[in-house]
Amino acid sequence: MSTNMLSSRRQFLQTAAGGLGGLALTSMLNGECLAQPHHAPKAKRVIQIFCPGGMSQVDTFDYKPELERRNGTPFDPEGTLQFFASKPGNCRGSHWKFRQHGQSGLWMSDLFPRLATCIDDMAFIYSMHSKTALHGPACFMMNTGYTLPGFPSMGSWVTYGLGSEAEDLPAFVVLPDPRGLPPGGVINWGSGFLPAQFQATTLDTSNVRQPIADLFPPEEFAEATTEADRAGLEFLAELNGLHQETRSQNSELEARIKAYEMAARLQLSAPELTDLSKESTATKQLYNVDHAEIGPFGRQCLLARRLVQRGVRFVQIYCGAENTTAKKIRPNWDSHEDLTRDHGYWGTVLDNGAAALLTDLKRQGMLDDTLVICTTEFGRQPGAQGGEGKGRDHNAGAFTAWLAGGGIKGGFGYGATDELGFKAVEHPTYCYDLHATALHLLGIDHTRLTYYHNGIERRLTDVHGHLIEEIVA
Amino acid sequence: MTVQLQGSGYESARCWARRLKTSVASWLIVLCSCVVAADDIDFSRQIAPIIEQHCIRCHSPENRKGDISLATSEDLQSNEYVISGDPDGSYLIELITSQNVQPPAMPQKQEPLSDNEVDLLRQWIGQGAKWPENVVIKEKAKADASWWSYQPLNVATRSESPSSQGLESESPATIDAFICEKLAKHNLKKCPPADRRTLIRRLSFDLHGLPPTPEEVEAFIEDSDPHAYENLVDRMLASPRYGERFAQHWLDLAHYADTHGYERDQRRNNAWRYRDYVIRAFNEDRPYNRFLQEQIAGDVLWPDEQQAVIATGFLAAGPWDFVGQVETKSPELQRSARSLDLDDMATQVMTATMAMTINCARCHDHKLDPISQREYYQLRAVFAGIKREDRVVSDQSLKQHQKLEQDLIARRNQLDFEKGRLEGEGLNLADIVGGGNGHGTGTYRNAIDPRNAKVQTRDFGNLGNVVTNSFSPSAFEFVDGVFIPNGENGAASIPVSSTGLTITGLPTTSGNAWDMIRNGPVASQHSPELDGIDFTKDGHSLLGLHANAGITFDLAAMHDAVRLPESNAEKSPDSESPATLRFTANVGYFGAEGENFADAWVFVDGRKVFEFRKLRRADGLQKIDIEISATNRFLTLVSTDGGNGYGMDQIGFGDPQVKLAAPPALTDEVHNRLAEIKAQREQIEKEIAALGPPPRFYGVVAEQTIPEVKLLTRGNPESPTGDALPPAALSTLAMLDAELGTLETIEGERRAALARWITHPDNPLVRRVIVNRLWQWHFGTGLVDTPSDFGYGGGRPSHPELLDWLADELARRNWSLKAMHRLIVTSDTYKQVSTVGEPRALKVDPTKIDADNRLLWRQNPRRIEAEAIRDSVLSVSGKLNPERGGPGFEDFEYQDAYAPIYTYITADEPELWRRSIYRYRVRTTPDRFLTTFDCPDPANLTPQRLTTTTPLQSLALYNNDFMLRQARYFAERLEREVGNDSNAQVQRAFELAFGRHPTPQETSLSTDFVDKQGLFTFCRSLFNANEFLYVD
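The listed protein sequences derive, respectively, from chains U and C.
The first sequence runs 0 to 472 under numbering that gives the first Met the number 0.
The second sequence runs 0 to 1031 under numbering that gives the first Met the number 0.
The hints are simulated quantities; they were obtained by calculation from the structure and are not laboratory data.
Computed from a prediction, not measured in an experiment: that's the story for all the values here.
Cβ atoms here follow ideal geometry from the backbone N, Cα and C, with glycine treated the same way.
Treat the hints loosely; a few may be bogus.
BS3-like cross-link-like pairs, simulated, lysine-lysine; straight-line CA separation at most 30 angstroms [stated by the list, open to error]:
# : chain 1 : residue 1 : chain 2 : residue 2
1 : U       : Lys86     : C       : Lys613
2 : C       : Lys64     : C       : Lys709
3 : C       : Lys613    : U       : Lys130
4 : U       : Lys130    : C       : Lys64
Simulated restraints, written as ranges between beta carbons of each label pair [stated by the list, open to error]:
#  : chain 1 : residue 1 : chain 2 : residue 2 : range
5  : C       : Val700    : U       : Glu166    : 54 to 64 angstroms
6  : U       : Thr79     : C       : Val700    : 29 to 39 angstroms
7  : U       : Ala236    : C       : Pro886    : 39 to 49 angstroms
8  : C       : Val700    : U       : Thr116    : 52 to 62 angstroms
9  : U       : Lys130    : C       : Asp389    : 26 to 36 angstroms
10 : U       : Thr79     : C       : Thr442    : 39 to 49 angstroms
11 : C       : Leu945    : U       : Gln248    : 46 to 56 angstroms
12 : C       : Val700    : U       : Gly104    : 25 to 35 angstroms
13 : C       : Leu945    : U       : Thr72     : 54 to 64 angstroms
14 : U       : Gly364    : C       : Asn859    : 45 to 55 angstroms
15 : C       : Asn880    : U       : Gln248    : 32 to 42 angstroms
Stretch-level coverage of chain C by chain U, calculated; a stretch enters the list once three of its residues show a Cβ under 8 angstroms from a Cβ in chain U [to be verified]:
#  : segment
16 : 805-817
17 : 897-904
With the sequences and hints as input, model every part of the structure.
Here's what the structure looks like:
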């Protein structure tokens, strides 16, 4: 490729990016239109559920009868292995009974009784693995493809590639766990080196008045009445208009003027979005939104549905927070001491929200073109951890991710771990393939969605990634 | 290779085609053989380059497109594409030649091989397809050593008379001459210079990141000196605001922040010294070569110069993964984290100084630039012997500081000690553990190592090298010693004193220990609070004793210390008998609720006097009150893990005291003495505060030995291959010697050698790169628009001659950056207007020829950066706090926890109104307001800020609490300065915010608005105006 082609490609992408991204910027730049996807998409939008802390595959989706059989025998008789925080204890079969479900007859543990009814809509990748068993870097990897901080998240890439369908909501919205941020903090959904318009907007659902930061002036500013707000904006528009008269060539100035109009629209759309009163009682019951423990995540899932319904491109929901905020149970899936207690709690939370979401999307006819992804950053060890053997240590060698809707083949399992669920052995899959597949379903060729940064045309999938054709319907 | 996937129908067609081709081809070969048959084909010279150029990119061991690799002779044999001696039967030849009028199948999407190349391959196959052993073909980088940026500077002598017409310049070559020459080639002309009002605002934001004050603007406009502009530039470059502005540019390149980042985003409380160094270096105009040398190896080259040593904070400025490097027990995870750590360090140095993207060669040879993977690891060998750590500036400065501080503390301790005795106050055991005298002189969170009784000041996790049931004597006066117990089901006889006293009857433990015996909570303690009492606050104290650990105090020494003074003792009714002591404390389980528990024990002279098994958080505090007789020698506190592992087992003794059983009565004399002590103590406290913290900074320290560096196959730390590599730089710069030492070269000398190599006068990149950065900082875009990538993937210089001329000028001006700023900002090119109003009377529309303004027919209008927005708001509201240097201001609430929590607050007090450069930067929780305005994530090396326009920015400027408060202060300032007349308020507001007077139209519009909506709403709108954020 010649020099000129490289630089013009960069220019094209960056110009295109300016025209596509963020909050319905389409209307800001006259004459720009949405770029064509690389091929016909099967999914128009994504809802990703992220379960930080490390969800155990052998207690949830990856049925391992051999592990059951070896219960209580040494996992590592030679004592050569050293996990993240411990040496392995004895083999420990699933803490929950596994059963077959649905037409497909796939296995799922009793931790997820409601999700099990959706099994024929779900495709499982049993052979996921990660490059690290550290929460922070592993979360980064799952979200951005790199164990280092500072790279754009999948949501940012998708927004960069496809822009938004929403006229008055952000393209990429994150709903963190109400308990707090996940390991590694807000850069899990950062835009890295992509322009800031592709970073996620955090929706704080606990703040009824200001679900988006700075949506309205703080209440104590009595002078900032609605009327004064409006008058101030009108005056601002006049000032900007006069300023622009001699600077008509600078399109950024025009964009800023439009941005204030968009902001005003957001002030109307965001409260409408978070107001669940118009949802039927049946829907609210489906998500159990009023339940003290499982309700908050159920609410987030319902909000995710409302967001994508309004054209939001990418929604990420966190099911768990950072280890810091420990109370009586772990604040995420990181079950070192007592897996029954912690997975028991979070499993019920996930089961309610995810099952309700799949059911609801299907009922609304949206599941077909909404891709639902549920991931964690790594799995857990088949051998037990702790004196009483009630926990499990980190395992980068194997975990399960599942996808549904949006062109996914339901009731399907892909890849496999060894007989104990310790390592992915058949089709070992890094996040690259998952990302490549998600982008493919959205109509994007992952090798062609690039952005130049410090010497490299960067991609979500680095130099890796293959479409997993088997799980595509 | 899709052809292989075709069905059998295609196969037969292929065979037919082959047969047809054979007859023609064999005829050809006869002809050709006349020419070259005499010579044997030289594989390395004739064949390898063909494969290298046309095939290897897709058919490498890494890529294996179509499952084919052509890298080695084994590859060739395994794929059977070549039949030795039979070019016509070799599938390879078929693939690269045209079949059936179709273009050759290979190479895909590229020019086919030339006839000559095909012939060479045929001959080679014909001669037996010999592939010398061990020859591996690798993909060649796109650029080689002849790439433009690796060439020596090319500074042609410029003609005496400027080449461009209408230019009035005295020097033979000027920026303007270069620019005009190129413009003229495109039938373009420079724009006229901007007016003074525009110029001072532009300069002020450029050089200071702040708006000019109305007074500065008026003074400049009134200035009749013909050199008014040059004088203004000099004044601005001399102001400390200049360093504060340019340090931010440099810190972007260093991805500096004040926390580690990653999962446990801990504080780096001494990182600011490097930030201050950068500000100072810019302000003092440190020659650029020296500036780089200091940052790479200042501690080696000038060990006695504080600033040069602190400069190495550069190497440590980026993120660092505590969990991966320290906390995890897995050596594999540790190697992985360390590998990425070294990559970060080497990459930062090479991209910041030379714009070489060496990190692309971590997993394979650089695909674009001539940097081999081996060279990449040789560069890493330069840094392999250092690690990031809080360190002292120099041993000498530390000793000096410590001596002063210790003298003061010793005097204070003496007073405290006396006071305690006079008041009959007991001795605090937590304080003693922290190195104190029992009366509050200990250091909070200082600790004793249960393994060896050493004093420790930093946090530990799981302790390695634990030997259980081994007693280590302590040097502290009141501490006899420490041990890590394992009762072995009651059987073990555990030594607990220096006199050989033992205890038995303790249960079996895991034999593990976590962190230290601390004055305060232990590392990662769940909470310092129990039963509603926070033991870190309000005069409480906590002796943190995480299981499994034990500590024995010397009661005999304590008896002496708390014994009443003679005068006082006489009045005590029990003065005849020896004083009787009591040990009091509240012990509890400070770990989390749930299935977590541990055991707490107290022994006096080896006799158990307190025991609580399976103590949980839910059990709350357990009161301990134990009588101690004068004959008792040792008090032992023990925690054991309860048999379920030591996780969470944070046993703590709250307010642990050994005191007199009966408190003494105080005489007048004692009261007087106490008052004296109080006064003396206050004086000493003042002196200690004035002394400040010891001169520590976050930098790098040498490892004990330099770990071997080997090439890591595919960048995988678990796959080292080949020999250990000596340190070396990049051989592609032919004018420099890339050798930096041998395997034996010591750590510091490696960095010093790299610093010398980088700043060598013949290195063409370093100067090109920095003058290009300066250009970018003044024009928005560099002459090369990829400021940290001067390789093949980067941009080409828009004005190569100018770039080299500037680089040459830098050396001629003693590497002075200020001289270069002066050169650039005093050019006519810089001073042009940025606005294109009415189409000018020109034959050509410049926006059609050069829309991006790379030729610089005008100045670029620019939005100010995130930090400049915040600083300008403060400046205009009158609240900017100009205080310089020192620890960063924290506009957040800090909560110490496993992963600390940083919760932002509204900056609404003078300390938080300092310039943004002085803020405490948190990696995982960046300041949302600044991030919204494109302030980059300090995980990334950021050579150029992006500018986006989003509705979230509008919301932040219009509604954010900080902005509204500042709008209120702005309104108050206007009222204070010009009273209540709305016309005067509007005039002043425009001067402050925009540096100009309002037009009559703006005046009437604004006055009307102020009268109707009030001054606050007016000020709020001004802060949101395009003119406030954009510089012409």
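Hint check results:
1. A C-alpha spacing of about 24 angstroms is found between U/Lys86 and C/Lys613, which places the hinted pair at or below 30 angstroms, so the restraint holds.
2. Using a Cα cut-off of 30 angstroms, the hinted pair C/Lys64 and C/Lys709 holds, with the two alpha carbons roughly 29 angstroms apart.
3. Simply put, C/Lys613 and U/Lys130 have alpha-carbon atoms about 39 angstroms apart, too far for the 30 angstroms limit, and the pair is violated.
4. As the CA atoms of U/Lys130 and C/Lys64 are separated by approximately 24 angstroms, the hinted pair is consistent with the 30 angstroms bound.
5. Against the hinted window of 54 to 64 angstroms, the Cβ-Cβ separation of C/Val700 and U/Glu166 comes to about 56 angstroms, which satisfies the hint.
6. In this structure, U/Thr79 and C/Val700 meet the distance hint of 29 to 39 angstroms, their C-beta atoms being roughly 33 angstroms apart.
7. Between U/Ala236 and C/Pro886, the C-beta spacing of about 43 angstroms keeps the proposed range 39 to 49 angstroms intact.
8. A hinted range of 52 to 62 angstroms for the beta carbons of C/Val700 and U/Thr116 is consistent with their spacing of about 59 angstroms.
9. Take U/Lys130 and C/Asp389: their Cβ atoms lie about 29 angstroms apart, and the range 26 to 36 angstroms holds.
10. U/Thr79 and C/Thr442 have their C-beta atoms about 42 angstroms apart, which keeps the hinted 39 to 49 angstroms range intact.
11. The given range of 46 to 56 angstroms is broken by C/Leu945 and U/Gln248, whose C-beta atoms sit roughly 20 angstroms from each other.
12. Checked against the given bound of 25 to 35 angstroms, the beta carbons of C/Val700 and U/Gly104, roughly 60 angstroms apart, lie outside it.
13. With their beta carbons about 57 angstroms apart, C/Leu945 and U/Thr72 fall inside the hinted range of 54 to 64 angstroms.
14. Taking the beta carbon of each, U/Gly364 and C/Asn859 are about 50 angstroms apart, inside 45 to 55 angstroms as hinted.
15. Separation of C/Asn880 from U/Gln248 is about 38 angstroms and conforms to the stated range, judged on CB atoms against 32 to 42 angstroms.
16. For the segment 805-817 of chain C, the proposed coverage by chain U is not satisfied: 0 residues have a C-beta within less than 8 angstroms of a C-beta in that chain, short of the threshold of three.
17. Check result for the segment 897-904 of chain C against chain U: holds, 4 residues qualifying (beta carbon to beta carbon below 8 angstroms, three or more required).
Violated hints, listed in ascending order, are 3, 11, 12 and 16; each of the other numbered hints is respected by the structure.
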